[in-house]
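Trainee: Sequence:
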Amino acid sequence: MLVYLEIWRPSGVRPVALKGERITIGADPSSDVYIADDGAVSGLHAVVENYGARWTVRDLGSRNGTQVNGERVLGERALRPGDELRVGSTRLVFREHDADRESRNTRVLAHDPPPDLTRRERDVLRALCRPLASSDPFTQPASIKAIANELVVTEAAVKQHLLHLYDKFGLTDQSQNRRVRLANETILRGLLDPTELRGES
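Going by my numbering, the sequence shown runs without a break in its numbering and finishes at 897.
Hint data in this document are derived by calculation from the structure and do not stem from the laboratory.
Heads up, some of the hints might be wrong.
To be verified - Capping the alpha-carbon separation at 25 Å, the derived lysine to any residue pairs in SDA-like fashion look like this: (1) Lys855 / Gly866; (2) Lys715 / Tyr700; (3) Lys841 / Asn765; (4) Lys715 / Glu792.
Stated by the list, open to error - Okay, the calculated beta carbon distance ranges per label pair: (5) Lys855 / Pro711: 30 to 36 Å; (6) Ala732 / Thr814: 38 to 44 Å; (7) Asp819 / Asn746: 39 to 45 Å; (8) Asp819 / Gly757: 38 to 44 Å; (9) Leu756 / Thr814: 44 to 50 Å; (10) Ala853 / Ala713: 40 to 46 Å; (11) Lys855 / Asn746: 37 to 43 Å; (12) Gly716 / Thr814: 43 to 49 Å; (13) Leu756 / Lys715: 15 to 21 Å; (14) Arg815 / Gly866: 19 to 25 Å; (15) Arg776 / Lys855: 22 to 28 Å; (16) Arg754 / Ala852: 39 to 45 Å; (17) Thr752 / Ala852: 36 to 42 Å.
Every residue gets a Cβ at the ideal spot worked out from N, C-alpha and C, and that includes glycine.
I would like the entire structure built from these sequences, with the hints used as guidance.
Mentor: What follows is the structure, given as structure tokens:
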């Protein structure tokens, strides 16, 4: 099982493998996940721990707190693949890659080709994911209202496009963090990249 964190910075995305039982995250150079260029990250900010069947995250009394999918971590929080962590203004995404399981399956989500998208669906995804390229603290994917404003359409139209996108990406449950998961899947499948989100040519 390959377990890693994707570290999102304005310069791009960097994967860091999680090995051992305890991984520290912070601005101190001795941290296992060293975040040097984020002034909102404490020296010893958070710790990710391996309990065998499950990884968890715990804030270590940092100045600005730790969030998972937009919710502040109080105590310890179990992690699931695709969960988005925020430490300071840095975005990290928790990933698991089970090569043995994938070799037994004929259909592997992470290697599925990107779904066929209409031009407007791509516009919605770009607007949804654009805030994730920001270095602002605690950034979430864009709200329905923000997407509607950017695309100059109604919120009802955005909701309809999102429903189609959830279906195309296989996000058929009704969980509250579907927009976060849709944004993560969009990046994971290579549909958008950080330079496109920043509007660079």
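Trainee: Decide, hint by hint, whether the structure agrees.
Mentor: Right, here's what the structure says about each hint:
Note on Lys855 and Gly866: the hinted pairing holds, with a Cα-Cα distance of about 16 Å set against a maximum of 25 Å. Pair hint Lys715 plus Tyr700 holds up; C-alpha atoms about 8 Å apart against a cutoff of 25 Å. Between Lys841 and Asn765 the CA atoms are separated by roughly 19 Å; this keeps the pair inside 25 Å, and the hint holds. For the hint pairing Lys715 with Glu792, the CA-to-CA distance comes to about 12 Å; that is within 25 Å, so the pair holds.
Distance hint check for Lys855 and Pro711: the Cβ-Cβ separation is about 33 Å, which falls inside the suggested range of 30 to 36 Å. Evaluation of the 38 to 44 Å hint for Ala732 and Thr814 yields a pass: the beta carbon distance comes to about 41 Å. The hinted range of 39 to 45 Å is satisfied by Asp819 and Asn746, whose Cβ atoms lie roughly 40 Å apart. In this structure, Asp819 and Gly757 meet the distance hint of 38 to 44 Å, their C-beta atoms being roughly 42 Å apart.
At roughly 45 Å, the beta carbons of Leu756 and Thr814 sit within the given window of 44 to 50 Å. Look at Ala853 against Ala713: about 41 Å separates their beta carbons, and that is inside 40 to 46 Å. Distance hint for Lys855 and Asn746: a CB-CB separation of about 39 Å, consistent with the stated range 37 to 43 Å. Checked against the hint of 43 to 49 Å, the C-beta distance between Gly716 and Thr814 comes to roughly 45 Å, which is consistent with it.
For Leu756 and Lys715, the hinted distance range of 15 to 21 Å is satisfied, since their beta carbons lie about 20 Å from each other. Between Arg815 and Gly866 the Cβ separation comes to about 22 Å, which falls inside the hinted range of 19 to 25 Å. Distance hint check: the CB atoms of Arg776 and Lys855 are about 25 Å apart, consistent with the given range 22 to 28 Å. Here the CB-CB span from Arg754 to Ala852 is close to 41 Å, well matched to the stated 39 to 45 Å.
At about 39 Å, the CB distance of Thr752 to Ala852 agrees with the hint of 36 to 42 Å.
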